[in-house]
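Sequences and hints are given; from them, build the entire structure.
Protein chains: 2
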Amino acid sequence: MSYELYYWPTIQGRGEFVRLALEEAGADYIDVARESEGIAMMMRMMDHADHPPFAPPFLKDGETIIGQTSAILLYLGARHDLAPKDPTGGLWTSQIQLTIADFVAEAHDTHHPIGVELYYEDQKDEALRRSAEFRKSRIPKFLEWFETILERNSARGGYLVGSTLTYADLSLFQVVEGLSYAFPKATARALKKAPKVSTLHRAVSERPRIKAYLESPRRIPFNEAGIFRQYPELDG
Amino acid sequence: MSYELYYWPTIQGRGEFVRLALEEAGADYIDVARESEGIAMMMRMMDHADHPPFAPPFLKDGETIIGQTSAILLYLGARHDLAPKDPTGGLWTSQIQLTIADFVAEAHDTHHPIGVELYYEDQKDEALRRSAEFRKSRIPKFLEWFETILERNSARGGYLVGSTLTYADLSLFQVVEGLSYAFPKATARALKKAPKVSTLHRAVSERPRIKAYLESPRRIPFNEAGIFRQYPELDG
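Chains as they are written, first to last, in my numbering: chain A, 1 to 236; chain B, 1 to 236.
Some hints could be false.
Identical chains blur together in the list; that is why a pair holds if it fits in one copy or across any two.
Lysine to aspartate or glutamate pairs mimicking EDC-like chemistry, simulated, CA-CA at most 16 Å apart [claimed, not checked]: (1) K141 <-> E117; (2) K136 <-> E117; (3) K196 <-> D81; (4) K136 <-> D235; (5) K185 <-> E63; (6) K185 <-> E147; (7) K193 <-> E147; (8) K141 <-> D47; (9) K192 <-> E133; (10) K124 <-> E177; (11) K85 <-> E224; (12) K124 <-> E224; (13) K211 <-> E35; (14) K185 <-> D50; (15) K192 <-> E147.
FYI, nobody ran anything at the bench for these hints, they're computed from the structure.
Here it is as structure tokens:
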């Protein structure tokens with residue numbers, strides 16, 4: 001039976017972390033909200049499920065519905081060899097993913113520092129200030145942390161955890177993609193000090209299934225409705 | 001052997017979600033940074049661990065170090081009967097916790113909407129705007145979600161998951177405590193529409209171990225260095 005992924009059909013957003021894991025796993029899945037009537041079905045499930053997700057993305061596997069990106073990846077990682085089987089390695093992978101989720105939330109708030117209910121144009125002054133802080137302090141701090149993890153991984157294969165690819169590597173790839181789209185200047189500067197992160201990003205992009213996915217119509221292009229938005233005034 | 005909890009010694013912060021779980025479990029633990037030389041030890045571990053936490057809190061159990069509040073609680077929940085043993089129930093508990101973590105991050109950003117490196121006084125105008133949005137849209141939306149979960153739990157025991165207490169219940173208690181301290185007016189209004197959340201909050205506060213903990217010097221009072229801060233200008 002196919003997995004059913006529920007997420008907004010016109011953006012990469014948080015759903016993209018799940019899509020990348022499903023694609024790398026070669027798993028059968030339906031991106032439900034991109035099908036006819038799919039959004040209505042997504043809203044019905046959020047309104048009526050016994051375990052209602054707070055927000056998309058969520059994944060349906062038979063009768064099980066799982067929300068929250070990090071929980072979905074914990075679930076998929078264990079089923080598709082995208083995380084170590086031992087509990088310590090599994091928790092470490094999840095811990096990295098949770099930190100990526102924090103980073104993604106901060107990236108989102110660069111263009112929405114006041115509230116998600118308001119337009120960007122109505123919080124642009126605050127967005128300029130928040131983005132300056134994000135570029136100066138947060139991008140370097142997070143990338144330095146990933147670089148440190150790659151340096152300290154004694155397996156030396158270039159992955160974040162152990163000697164094989166995990167969903168955390170896929171997620172870090174996506175974050176570098178997004179940052180490079182939204183903050184090309186600031187990200188290029190920060191990546192100079194994180195060469196192992198750059199190498200991992202390239203290696204993921206060249207994996208056969210990921211490469212095929214990125215070149216397919218299943219990959220939604222970045223745009224200014226998603227988490228990573230190219231507003232040149234917020235880069236520098 | 002005792003658990004070692006590493007967190008800032010003068011605030012409840014994110015560490016409090018871990019403290020509450022350890023206290024309810026009756027687990028032996030050392031709150032390391034509150035001991036002599038503890039902060040230096042915490043900083044050394046962040047600088048030198050093979051699996052360096054991005055930020056406190058983190059928990060040390062023998063040789064295992066776990067960062068990220070939600071991952072720590074996933075770990076403790078399984079060991080101390082603070083989460084269901086079945087995978088679906090365990091994931092659902094974690095999903096609720098992850099949503100609580102998102103809510104807590106938003107509560108933090110009401111007083112720090114521009115950046116964690118700046119003082120509140122240097123982002124007060126933005127904090128006024130963000131707090132107004134938080135009070136109007138976010139507190140009601142999150143509390144309504146918790147109320148819905150309590151309503152749909154067929155076990156009818158007043159808990160979020162199944163028929164017994166989980167760490168998610170402890171965390172929701174703490175969020176209600178914090179919101180009631182930081183936004184007393186807005187929270188009282190929102191709680192009127194979430195009676196089951198209020199009942200659960202009270203039930204947790206009356207559990208013998210939690211009650212003893214709250215009355216002990218181990219419970220650090222709320223203050224204006226933590227996540228939940230009482231700035232009357234941000235309530236209303």
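Hint-by-hint comparison with the structure:
1. K141 <-> E117: For K141 and E117, the Cα distance is within 16 Å only across copies (12 Å; inside one copy 29 Å).
2. K136 <-> E117: between (27 Å within a copy, 10 Å between copies)
3. K196 <-> D81: neither (23 Å within a copy, 40 Å between copies)
4. K136 <-> D235: within (11 Å within a copy, 31 Å between copies)
5. K185 <-> E63: Neither: 45 Å inside a copy, 41 Å across copies.
6. K185 <-> E147: neither (19 Å within a copy, 45 Å between copies)
7. K193 <-> E147: within (8 Å within a copy, 47 Å between copies)
8. K141 <-> D47: between (39 Å within a copy, 13 Å between copies)
9. K192 <-> E133: Answer is neither; intra-copy 19 Å and inter-copy 38 Å both fail.
10. K124 <-> E177: Classified as neither; 24 Å inside a copy, 33 Å across copies.
11. K85 <-> E224: neither (38 Å within a copy, 42 Å between copies)
12. K124 <-> E224: within (14 Å within a copy, 28 Å between copies)
13. K211 <-> E35: Intra 24 Å, inter 52 Å, cutoff 16 Å: neither.
14. K185 <-> D50: neither (46 Å within a copy, 31 Å between copies)
15. K192 <-> E147: within (11 Å within a copy, 48 Å between copies)
Violated hints, listed in ascending order, are 3, 5, 6, 9, 10, 11, 13, 14; each of the other numbered hints is respected by the structure.
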